[in-house]
Amino acid sequence: MAIIKAENLKKDYDGFLAVKGIDFSIHKGEVFGFLGPNGAGKTTTINMLTGLTRITSGQIDIAGIDAVKNIKNAQRMIGIVPDESNLYMEMDGFENLCFCAALYGIKKVEREKRAKKLLKEFNLDNTGNRLFKAYSKGMKRKLTIAAGIIHEPQILFLDEPTTGIDVESARQIRDLIVKLHNSGTTIFLTTHYIEEAERLCDRIAFIVNGEIVQEGTIEELMLSVQRDNIVQLSVDKGLYAIQKTLETDFFQYRFEIRDNQTFILYSETPITLMPIMKYFDERRFNVYEAKLIKPSLEDVFVKITGIEVSKMKKEKEGGKQ
Amino acid sequence: MTAWVAFWNILKKDMKNYYLKPPNISWGIVFPVAWTLMFFLKSQTQMDIKELLPGVMSLSILFGTTSMLAVTITFERKARSFDRLLLAPISLNLLMLAKTTGAIVFGIVNSLIPVLFASFVTNLSNIRWGLIAGSVFFISVTSTFLGLFIAVSVKEVFEAQTFSNFFRFPMIFLCGLFIPLTTLPIYIRPLSFMLPLTYGADILKYAINGKALMPIWLNFLVLFGFASALFIISVKNIKVKWIY
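Protein chains in written order, with numbering that gives the first Met the number 0: chain Z, 0 to 320; chain A, 0 to 243.
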């Protein structure tokens, strides 16, 4: 069952089409990854879904509510963690959390109880009375996430939650996402860490230049680019000497000789290893490794979008400083 | 109930974070004191003090409210913490009322300082206190919403202060605070009637000295009109400019 449904969602900034009529739906309880380079339209999409940006055209349905017409009702169900921490610098951690809970009408005793619990959960209980401006970047990020979930939303929007923070804080945040997912919270996650998306998301959409270019589960996305079966073999002797006969005897496969001891086989049909092993055995070669090569999500992203992931990371992290 | 919990906590947060901060308390006191001393020391008689009191009270409210709002709204907008409020499930009208109530209270408190000073040097017993309360409240609301209108029209805090002065300084001379409207050149007078402080000061003058240029009910009605229009336009501007 879809808890978020976006249809033909468009955003036009004075002639610049930031989001070009995208459609997607997110199922209740899933982690939906939204991946794309800088300026692809990720944050604009989140802002449209949460009511921070007016849509140019399209439809948004959040838990059965028409979020275009009635965003305030939809906002009760959602929590938002923006890409930059936007809590109050002059308030301490505990006060910030209590204030955010109060915005959702939670009464004093309950909000204080929840704030204490969250500070403990995020290992911030010793710094709860420290001003937000004195927090480190990782601590700020964690407190911002705590502020986003203090009202226990059904849907959580996380915009680049681990960008630019220390490894330990990033790990804690990823663990929290898993925990929230297990407790049934629907999560809309934008990230440029492909491996993070691969680890956390049930489904992923790639957005480039305001358009969703591919969407599906990780398996579906991989299948969409994996046309060939690929096997890499390593032997103990020089391959160049037998390269010609090898290619002739196994003409049904394409070969890529990596170096004198390693080669890769490509085939549209499954590769049968026994005849190849026999071929090498007859020539007294030892095959000491044969492995099936599967594309990573990063390969899928690069193939679909044509964007180098390392370049995207550099852009993002540079932009955050 | 839910909305009022949010309303109260936004107000409480603003009070604690902005209005009750030592620099703002001192600003809130020093500024009216400076106005008060400047005019009262120049004043020769007890009668003069009562003549000056409406103008000094009006200025204290006007400068206090518009300055504070430029900070509380523009600063939060710049720091993006205002987005957090926009994402809360409360109506924009209630949210803006919560954000402006602190400034209204600040304006009311500011207006009391000249009254306190005047009470030491002149007899205030024959003043219409009910009308004073009503006019101070309405001047505070209108000035606060003028500050809101300015804050929503700009991006930076310094722009808000500059833009505020564009409205505030002409008001000192055009609203009949110290220069009677009847002595202004006839071609300037229409401008005076386009400024809300003219009506607020007129009520205060009647309450303190028993003299007014316009009927009191009309003054209140016009102030209410200004306040409503400024609030409605500001909220509309937020929808257009900030939820773009």
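In case anyone wonders, no lab produced these hints; they're calculated from the structure.
Fair warning: this is a prediction, and the values are worked out from it, not measured in the lab.
Be aware that a few hints might be false.
What the hints assert, rightly or not - Taking lysine to aspartate or glutamate and the EDC-like style, the derived pairs with C-alpha atoms no more than 20 Å apart in a straight line are:
1. Lys293(Z) <-> Asp235(Z)
2. Lys11(A) <-> Glu255(Z)
3. Lys238(A) <-> Glu89(Z)
4. Lys11(A) <-> Glu89(Z)
5. Lys132(Z) <-> Asp82(A)
6. Lys240(A) <-> Glu89(Z)
To be verified - Some residues of chain Z that are not near chain A, with every Cβ distance over 12 Å (derived):
7. Ile2
8. Tyr12
9. Met90
10. Leu199
11. Ser223
We put the CB at the ideal spot given by N, CA and C, even for glycine.
Going down the list of hints, with the structure as the test:
1. Distance check on the hinted pair: lysine 293(Z) and aspartate 235(Z) sit about 24 Å apart at the alpha-carbon level, beyond 20 Å; violated.
2. In summary, the hint linking lysine 11(A) to glutamate 255(Z) is not supported, as the alpha carbons are separated by about 70 Å, beyond the 20 Å threshold.
3. Of the pairs offered as hints, the one joining lysine 238(A) and glutamate 89(Z) is violated, with about 27 Å between alpha carbons and a cut-off of 20 Å exceeded.
4. Note on lysine 11(A) and glutamate 89(Z): the hinted pairing holds, with a Cα-Cα distance of about 14 Å set against a maximum of 20 Å.
5. Between lysine 132(Z) and aspartate 82(A), the direct Cα distance comes to roughly 18 Å. Compliance with the 20 Å bound is thereby established for this hinted pair.
6. Taken as a hint, the lysine 240(A) and glutamate 89(Z) pair is broken in the structure, with Cα atoms around 27 Å apart against an allowance of 20 Å.
7. The Cβ of isoleucine 2(Z) lies farther than 12 Å from every Cβ of chain A, with a closest approach of about 17 Å, so its non-interface assignment holds.
8. For tyrosine 12(Z), the shortest C-beta to C-beta distance to chain A comes to about 8 Å, within the 12 Å cut-off, and the non-interface label is violated.
9. In this structure methionine 90(Z) is not separated from chain A by more than 12 Å, as the shortest Cβ-Cβ distance comes to only about 7 Å.
10. Leucine 199(Z), annotated as away from the interface, keeps every beta carbon of chain A farther than 12 Å; the closest lies near 23 Å.
11. Annotated as non-interface, serine 223(Z) keeps its C-beta farther than 12 Å from every C-beta of chain A; the closest such distance is 35 Å.
Of the numbered hints stated above, those contradicted by the structure are hints 1, 2, 3, 6, 8, 9, listed in ascending order.
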